[in-house]
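So that you can map any letter, position 3 of the sequence shown is 3 in my numbering, and since no number is skipped, the others follow by simple counting.
Keep in mind the hints are simulated off the structure, nothing from the lab.
One should not assume that every hint holds.
Stated by the list, open to error - Derived Cβ-Cβ restraints for the label pairs, each shown as a range:
no.	residue 1	residue 2	range
1	VAL6	PRO88	29 to 39 Å
2	THR5	LYS74	26 to 36 Å
3	PRO88	THR5	15 to 25 Å
4	ASN4	SER71	24 to 34 Å
5	THR5	SER71	28 to 38 Å
As the list claims (entries may be wrong) - Within a straight-line C-alpha distance of at most 25 Å, the following computed DMTMM-like cross-link-like pairs (lysine to aspartate or glutamate) qualify:
no.	residue 1	residue 2
6	LYS30	GLU55
7	LYS8	GLU62
8	LYS14	GLU62
9	LYS74	GLU62
10	LYS30	ASP11
11	LYS89	GLU31
12	LYS8	ASP25
13	LYS73	GLU62
14	LYS8	GLU31
15	LYS74	GLU9
16	LYS74	ASP25
17	LYS74	ASP11
18	LYS89	ASP11
19	LYS30	GLU62
20	LYS74	GLU31
21	LYS89	GLU62
22	LYS44	GLU31
23	LYS30	GLU9
24	LYS14	GLU31
25	LYS30	ASP69
26	LYS14	ASP25
27	LYS14	ASP69
28	LYS44	GLU55
29	LYS73	GLU9
30	LYS89	ASP69
31	LYS89	ASP25
32	LYS44	GLU62
33	LYS14	GLU55
34	LYS73	ASP25
35	LYS44	GLU9
36	LYS44	ASP25
37	LYS73	ASP11
38	LYS89	GLU9
Glycine included, C-beta positions come from ideal geometry on N, C-alpha and C.
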Amino acid sequence: LAANTVLKELDLSKQGDNYGNDALDAACAKELAIGLRANGALAKFTFSGQVGRQEGPPVTMETSMTGADFSGKKLGVPGAIMLAAFLPKCQ
């Protein structure tokens with residue numbers, strides 16, 4: 001992800017599956033955050049957080065954003081890590 005120069009949109013809002021596998025954990029989110037920060041082409045990022053086994057609603061961030069309200073989105077630690085990594089791209 002860090003070296004990619006053409007990916008403009010990334011949707012990770014459905015990380016879990018129907019087999020009981022969890023969504024992204026904090027360790028995975030930390031690795032993803034490295035790529036999010038370094039990728040210069042990415043302009044739109046959609047993801048879901050998770051608190052316990054309850055997935056939150058999708059959150060979409062775009063580089064053109066000048067304000068946002070993430071309250072009630074159940075970001076949890078993984079979602080907060082990804083949000084923090086993408087936030088500097090926003091105006």
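Would the pair LYS89 and GLU62 pass a check requiring their Cα atoms to be no farther apart than 25 Å?
The hint holds at about 8 Å.
Keeping to a limit of 25 Å between CA atoms, is the pair of LYS74 and ASP25 held or broken?
holds, 14 Å
For a C-alpha distance cap of 25 Å, please report whether LYS8 and GLU31 respect it.
holds, 19 Å
* To do: Would you mind confirming whether the straight-line C-alpha gap from LYS44 to ASP25 stays at or under 25 Å?
  => holds, 21 Å
Quiz item: For the pair PRO88 and THR5, does the Cβ-Cβ distance stay inside 15 to 25 Å?
Solution: Given about 18 Å between the Cβ atoms, the range holds.
*Quickly compare the C-alpha distance for LYS30 and GLU55 to 25 Å and report which way the hint goes.*
holds, 18 Å
- Agreement of LYS14 and GLU31 with the hint, judged by alpha carbon distance not exceeding 25 Å: Given pair LYS14, GLU31 holds - Cα atoms ~18 Å apart, limit 25 Å.
Holds or violated: are the alpha carbons of LYS8 and GLU62 at most 25 Å from each other? Given that 25 Å is the threshold and the Cα spacing comes to 10 Å, the pair holds.
| Taken at face value, is the distance from the CA of GLU9 to the CA of LYS30 at most 25 Å? | Distance ~19 Å between LYS30 and GLU9 Cα, so the pair holds.
Distance restraint between LYS30 and GLU62, which requires alpha-carbon spacing of 25 Å or less:
Judged against 25 Å, a Cα distance of about 20 Å means the pair holds.
*asked:* Does GLU62 sit within 25 Å of LYS74, going by the straight-line distance between their CA atoms?
replied: holds, 19 Å
Between LYS89 and ASP69, is the straight-line Cα distance small enough, at 25 Å or below?
-> holds, 17 Å
Checked against the numbered hints given earlier, the structure breaks only hint 1 and satisfies all the rest.
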